[in-house]
Amino acid sequence: MKSTITSRARLPLIAGGLAVLLFTAGCQTYQQQTTQFTSATRSGSLATAITTINKQADSHQGSKDEIVWRLEQGLSLRTGALADAGEVAGLMPAPAPQNDPASKDAPILPPPPPPTPDEVRVYFLEQSIVAFDQAEARVNHYEEEAKVKVGSEVGAAFTNQANLPYRGRAYDKVMMNAYKAMDYLQLGKKDDARVELNRSLQRQRDAVADNEKRIAEAQNIAAQAKAGKVKTAEGKSAAYDTNKALNDAKTGPALQAALNESLAPMKPYGDYVNPYAVFWDGLFFVNLGENGSDWERARKSLERAAQIVPENPYLKQDLDLATHVAEGKAPENLTYVIFETGTGPARDQVQINIPTFLIGGGPAYVGAAFPKLKFNNDYIASLAVSGGDQTCSTSTIASMDSIVANDFKNEWPSVLTKTLVTTATKAITQAVVEKTANNRGGMWGGLAAKVLMSAINASTNVADTRTWTSLPKEFQYARITTPADRKLALNAGGVAHTVDLVPGSVNIVYVKSTSTTAPLLVSQFALR
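Residue numbers (mature numbering (1 follows the signal peptide of the UniProt record, and there is no 0)): -25 to -1, 1 to 503.
One or more of the hints may lead you astray.
Computed cross-link-like contacts, DSBU-like style, restricted to lysine-lysine with a CA-CA straight-line distance of at most 30 Å [as the list claims (entries may be wrong)]: (1) Lys242 <-> Lys349; (2) Lys30 <-> Lys225; (3) Lys225 <-> Lys122; (4) Lys201 <-> Lys122; (5) Lys304 <-> Lys164; (6) Lys201 <-> Lys225; (7) Lys225 <-> Lys349.
Using C-beta positions, here's what the derived DEER-type ranges look like [unchecked claim]: (8) Pro288 <-> Gly363: 17 to 23 Å; (9) Gly203 <-> Lys349: 33 to 39 Å; (10) Val477 <-> Ala356: 27 to 33 Å; (11) Pro85 <-> Val470: 23 to 29 Å; (12) Asn218 <-> Asn352: 50 to 56 Å.
Honestly, the hints are just simulated from the structure, not real lab data. Ideal Cβ positions, reconstructed from N, Cα and C, are used throughout, including at glycine.
Given only the sequences and the hints, what does the whole structure look like? Please build it.
Structure follows, in structure tokens:
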């Protein structure tokens, strides 16, 4: 008898040990996983950032999270192409030895010369495309999978959203193809750039239809949960009314406050519109269009961008330019300064108590983890540009904070519904298991079940914080007549940089800054 009591008394200790293992294994968020990479990116420690993300991306090959890691990798490698060659050349593969180690009589040759700046630039642009291609292959796989998928994700009521495959958000896909287009342009591959711009534009169109499907899916999950068609682990009904939860006096206001915090900086761009991608579409076809259809596309894209961002003074000038190009007047002696500044929002999580509506005891509320946007305000507000007798400053063409926040707003009803159903269903399951264990194993059995089930729920009660963190906070640009001496002076936060423009009738100077203390990265190429 004593042995039986002792064995039962040990159950909570055994369950507690398992609980610790479950909790420590399952609660690390994406934000925590990317701490070293994010710190290196924001501080401008580019070599460290690239080395770190290459290892992490390769280690996640074929995993459910591969897309987000490849996106981070693709942009980091692209940034490597903007940097001083001496900073990143050491990250390139070592050249093959010129001597034949198997031959004793072979002459001793000098070591191969270090790569030229152009070779470094080309290497990182090509590697950036490889990473983005890997991300896009996974994106396309999931999109094709979704076309043939039957039914809704009601079965995901027992699955934490962070444990589902990361399929890429709408703005991820748009920027993925936009960045590939810029990579190709800098490599002089204009036909490939055109293909990527077409894809970027199409992804903006597809996002609207995808959101309609997501809304319908969330409504279906809510209806199934309310009707009791979501089952517990033991196959019993676990009805849950999400609308009733949203109208709860404690939960409703807390959820609205969390949403409002994430939408604070949002500008009214319209659903899934990325004015930066639209601008590049216009700029490409103004300068590299081949016929009237191309030039009309340029005019429409720049007109659309000017309507979305009416406060940008340069868009009106480019819209006028597009009109003149259609009349046969090719752009000449123009220099565009593109400025990526800061880093985009990260995703954190917030715990909010939601009602479980349990009958006959048990907790009235249970904590649920919801995502929230965390904005980074350490950035250079604008870039001063001067050349000849001209002086101007860059103006915002797209706020990624706004684009991400708008996507967050559209995704919120789906996230809300799934998180409510998931968390509440697990709480109901826990109550059922505890009651059964208590009936069969007495007080100690009930306590052990409570400890273990609480740990299981806590280890999976983590918000989905996966997001492309290395995106800039803002895209800005300025345009000036190319100075006669082809020299530009850039000034950002008191740091000056001189650019000697390469030959070309239309030049692009690409500038990137990840924080107020990070080095300014400057690259350039002739658009035409």
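Quick rundown of the hints versus the structure:
Distance restraint check for Lys242 and Lys349: the Cα-Cα separation of roughly 16 Å lies within the 30 Å cut-off, and the hinted pair is therefore satisfied. Restraint check: the Cα-Cα separation between Lys30 and Lys225 comes to about 44 Å, which exceeds 30 Å; the hinted pair is violated. Annotation: proposed proximity of Lys225 to Lys122 is violated, straight-line Cα distance about 39 Å (limit 30 Å). Restraint check for Lys201 and Lys122: the C-alpha separation of about 27 Å stays at or below 30 Å, so the hint holds.
Proposed proximity of Lys304 and Lys164 is supported: the alpha carbons are some 24 Å apart, at most 30 Å. In summary, the hint linking Lys201 to Lys225 is supported, as the alpha carbons are separated by about 20 Å, within the 30 Å threshold. Annotation: proposed proximity of Lys225 to Lys349 holds, straight-line Cα distance about 23 Å (limit 30 Å). The hinted window of 17 to 23 Å between Pro288 and Gly363 holds, with their beta carbons roughly 19 Å apart.
A beta carbon spacing of about 37 Å between Gly203 and Lys349 agrees with the range 33 to 39 Å that was offered as a hint. In this structure, Val477 and Ala356 meet the distance hint of 27 to 33 Å, their C-beta atoms being roughly 28 Å apart. About 38 Å separates the C-beta atoms of Pro85 and Val470, a value inconsistent with the hinted range of 23 to 29 Å. Between Asn218 and Asn352 the Cβ separation comes to about 36 Å, which falls outside the hinted range of 50 to 56 Å.
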